[in-house]
Amino acid sequence: GIQVEQSPPDLILQEGANSTLRCNFSDSVNNLQWFHQNPWGQLINLFYIPSGTKQNGRLSATTVATERYSLLYISSSQTTDSGVYFCAVFKSTFGDGTTLTVKP
Amino acid sequence: NAGVMQNPRHLVRRRGQEARLRCSPMKGHSHVYWYRQLPEEGLKFMVYLQKENIIDESGMPKERFSAEFPKEGPSILRIQQVVRGDSAAYFCASSQLPEETQYFGPGTRLLVL
Chain Y
31 GIQVEQSPPD LILQEGANST LRCNFSDSVN NLQWFHQNPW GQLINLFYIP
81 SGTKQNGRLS ATTVATERYS LLYISSSQTT DSGVYFCAVF KSTFGDGTTL
131 TVKP
Chain H
1242 NAGVMQNPRH LVRRRGQEAR LRCSPMKGHS HVYWYRQLPE EGLKFMVYLQ
1292 KENIIDESGM PKERFSAEFP KEGPSILRIQ QVVRGDSAAY FCASSQLPEE
1342 TQYFGPGTRL LVL
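Protein chains in written order, with the working numbering: chain Y, 31 to 134; chain H, 1242 to 1354.
None of these hints come from the bench; they were simulated from the model.
Treat the hints with caution; some may be incorrect.
The following label-pair restraints were derived from C-beta to C-beta distances [what the hints assert, rightly or not]:
id: 1; chain 1: H; residue 1: 1322; chain 2: Y; residue 2: 40; range: 21 to 27 Å
id: 2; chain 1: H; residue 1: 1295; chain 2: Y; residue 2: 31; range: 15 to 21 Å
id: 3; chain 1: H; residue 1: 1297; chain 2: Y; residue 2: 44; range: 26 to 32 Å
id: 4; chain 1: H; residue 1: 1341; chain 2: Y; residue 2: 40; range: 45 to 51 Å
id: 5; chain 1: H; residue 1: 1319; chain 2: Y; residue 2: 78; range: 27 to 33 Å
Yeah, the Cβ is synthetic: ideal placement off N, Cα and C, and Gly gets one too.
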């Protein structure tokens, strides 16, 4: 099956810093999603982004399907951004996630 | 517009008992997915269902686990004769179309004593 790799596995930031999370996948996909799991375990859908670029506030994502990767950008990070960020491709294969800790 | 609902939110069972987890998808969604998340790990796909059909159960353990999504009512994930290794958070998600955005429920935390 398709493999999904995320990097870095862990990331510690000072509040206000920017960051880039990466998701590589082993085969062509026609959908890709980014999720945030907050420290209470809740999973929030951030982007459905099979290709192209989308932005939502301080977050944006870019998927280059031909090169089999996607990037999630977080600007001006806040402590509430802490948690685990997953990318997932159909059929429902999740990466192992990037654990982000934003310190005040 | 209610989101994906799961109940119970927490479930405690003794070894050998049965666990039934329920998932009501978002209104208008006919595709349901179940995932398991072991402590400190990522999400692992278990099964994908449409109304009255199992589309993909490649992630389901071969024994003791079953899932259904009847024409009426919620989707049910059933675990028979639970063991301690079944302790995990079980999430369901729903989507309107098979390859579109999945929306997650709050999860059911199963603890097997």
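Could you tell me which of the numbered hints above are not met by this structure, giving the numbers in increasing order? 1, 3, 4
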